[in-house]
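Enquirer: These protein sequences, in sequence, are chains A and B.
Number 175 in my numbering belongs to position 175 of the first sequence; there are no gaps in the numbering.
To get my numbering, take the position in the second sequence, counting from 1, and add 207.
Straight-line C-alpha distance at most 30 Å; calculated DSSO-like pairs for lysine-lysine:
(1) B:Lys518 x B:Lys542
(2) A:Lys170 x B:Lys216
(3) A:Lys205 x B:Lys469
One side of the interface only, derived from the structure: several residues of chain B facing chain A at Cβ under 7 Å:
(4) Val223
(5) Ala224
(6) Glu228
(7) Ala246
(8) Glu263
(9) Pro286
(10) Gly352
(11) Ser355
(12) Thr356
(13) His360
(14) Thr364
(15) Ile403
(16) Pro459
(17) Ala467
(18) Arg644
Pulled from the structure, derived: some chain B residues nowhere near chain A, Cβ distances all over 10 Å:
(19) Arg279
(20) Gly414
(21) Ala443
(22) Asp478
(23) Ile481
(24) Asp510
(25) Ala511
(26) Val513
(27) Pro516
(28) Asn520
(29) Arg590
(30) Lys602
(31) Lys605
(32) Asn675
For the record, the hints were derived by calculation from the structure and aren't laboratory data.
Bear in mind the structure is a predicted one, so any value in this text is a computation, not a measurement.
Just so you know, even glycine gets a beta-carbon here, dropped at the ideal spot from N, CA and C.
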Amino acid sequence: MRPFKILKGISLPLMRINVDTDCIIPSREMKRVSKTGLGEGLFAGWRYKEPISRTPDPEFILNNVKYAGAQILLSGMNFGCGSSREHAVWAMIEYGFRVIIAPSFGGIFYNNCVRNGLLPVTLPENDIGLLVEWIIQNPRQNQLTIDLEKQIVSGPEVMAFHFNISPQDKDMLLQGLDMIDVTLLCQDDIMAFEKKDGQDRPWAKLA
Amino acid sequence: MAARTLFEKIWNGHIVAELGEGADLLYIDRIFLHERTGAIALKGLTEKNRPLRHPENIFCTIDHIVDTFPGRTDETQVPGGKEFIQTTRKSALSAGITLFDIDDPGHGIVHVISPEQGIVLPGLTLICPDSHTCSQGAFGALAFGVGSTEVEHAMATSTLRLERPRTMQVLFEGELRKNVTAKDMILFLIGQYTAIGGSGYAVEFCGEAVTNLNMEARITLCNMAVEFGAFTGMIAPDEKTYAYLEGRSYAPKGEHWHKALKDWQGLKSDDKAIFDKRITIAAEDISPMITWGTNPGQAMAIDARVPDPVKMNDKHNRAAAEKALNYMDISPGTKLTNLVISGAFIGSCTNSRLSDLRRAGRILKGRKVADGVRAICVPGSQRVKQEAEAEGLDKIFKNAGFEWRESGCSLCFYAGGESFGFQERVVTSTNRNFESRQGPATRSHLASPETVAASAILGRIAGPDDLNSLNGVMGRNDIAKPNDREGQ
Ligand code: SF4
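So that you can see chain A by itself, here it is in the shape it has in the complex (with noise of 0.2 Å):
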């Protein structure tokens, strides 16, 4: 995984609450048993102007050649709510996201961002009514620098957030780790569990 320290970009507000994982990729986009190839469908049903086609529906925010380039993406809350579908997040991260900033989100979402470098970003609803409110304001310096070190969203002007999230999911972004490796340097711990539990529980093993 594609480690995330510091990152400075362009912002592009989608200031809808409740926007749910069967928006963010509808499952129809979802091809083939893959990670990639998801990108061409991400907000596919906002995105294009039918279902089927790929032609661009100018009013939708993600087609404003304004915000061309974005890499963090604004919005309401519950972001990421629904269907548990990790391909929400490649398909973000295929398109071009680093950074989602959000008031909440949706738990499943939140946890598959993590692991897979994308950064969520929670900030109270007001921070990001300013936010969006300056970007709005001043086009031309749309830029946003976003420091995991140290946990803030900084924009060119004085406004600078910060923001919280777990020691755990901090480092994991930090480092870029592969989770699993990680947990298998705890077997000891796994074995030992796993050897009081089969007499704690000897109902609960299959064989």
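Let chain A serve as the given structure and place chain B with the ligand on it in line with the hints.
Expert: Okay, now just chain B with the ligand, sitting in the frame of chain A:
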């Protein structure tokens, strides 16, 4: 020992190692996969040459994109669907895990067959790369949905690295009114407390109205915990739970069964246990419910009027409601019971079990689906289907004009294959009313199976009570005989 909640007892009993700052390495007892998100996890492990730690604990089904027409094969209307199905089968067989293939008598939707087979048990941790895994919390298990990467981790290590969620108790006090079901309970809760009301919490459902529910209805209640935003939902096991599980294929047998029963006695929240949050609901306040918008929190009593976004204080809620009403083509202030429908669907992991079909069948018996309504029933598993057929339910559905299908997720979600069609209005027993969930621009209204059945008959949105007052063919008591109600 300090008083603990059901959740804490199971969580604490599964800690392999503490990772610091509230995170634990948690032991995972059972893993279930399906072809839509599971095949990719198996593939991921094979590519990295990583063995499965306990293949005997891993199960797989092919439920999501398989066709549900009679005589189905690996061919499916979903683009690329055949590849998903065949890759899943191949990877499952070479990984040595248990597969419930398309032609297996145990086939069905993951959250329907896991209980049927006794794979989920009280006190276990169970995960699946599927958000509705919380359904299985109905058995007093800690069951929750994860992503594909997490499931790879669990298959390779039998553990997950997790942060402990907070705990919430949702207490349904008193008794439900007639024709009010578990589906209405959960829609009521989400309607009142929003789709993020449960965010970050493991929710335990308790109270008289919950313990009165049969096991199948309890699954329905827990099924939509994720629509409430919760980490999971759960219900303490009791005699009904044990009776349901005894003798099931993967349930413990003999001495192990007796030891299990003993252990399970302690699986309940202690009287003095402290929850981080508590919600109390009077069960008698709940009516048959229906959704009017595009998230499950946009729900109301079926005889209420659609709220007016202008009157909403929160600007985001207002914007979301406006967008939803526009998508649904509904005006504020109207009654949904006037809306004509063109689709009716009974199925999905929410409401596709035998008792659901019985209750809907009671309404459909001797009646006909209205002209212009495409009505479909998809039993949740082959076992449900067979049991339903053994008591003649298939005939009742078919005579009424319903299609009667093979088991699977089917029209619960649109994957590029079958759909309810552009802007069609559908009353559905499923759990998600998101935009285009059941087809491009399809307008989905979530409700109980009895409401779906009544709506199909009348050709417009209608609750089971409407049917009585309209044509008086049956007395009120005929619609839900006591022995078919969920509270058994
Ligand atoms: S029935 Fe619907 S909600 Fe349930 S697992 Fe299948 S697709 Fe998901």
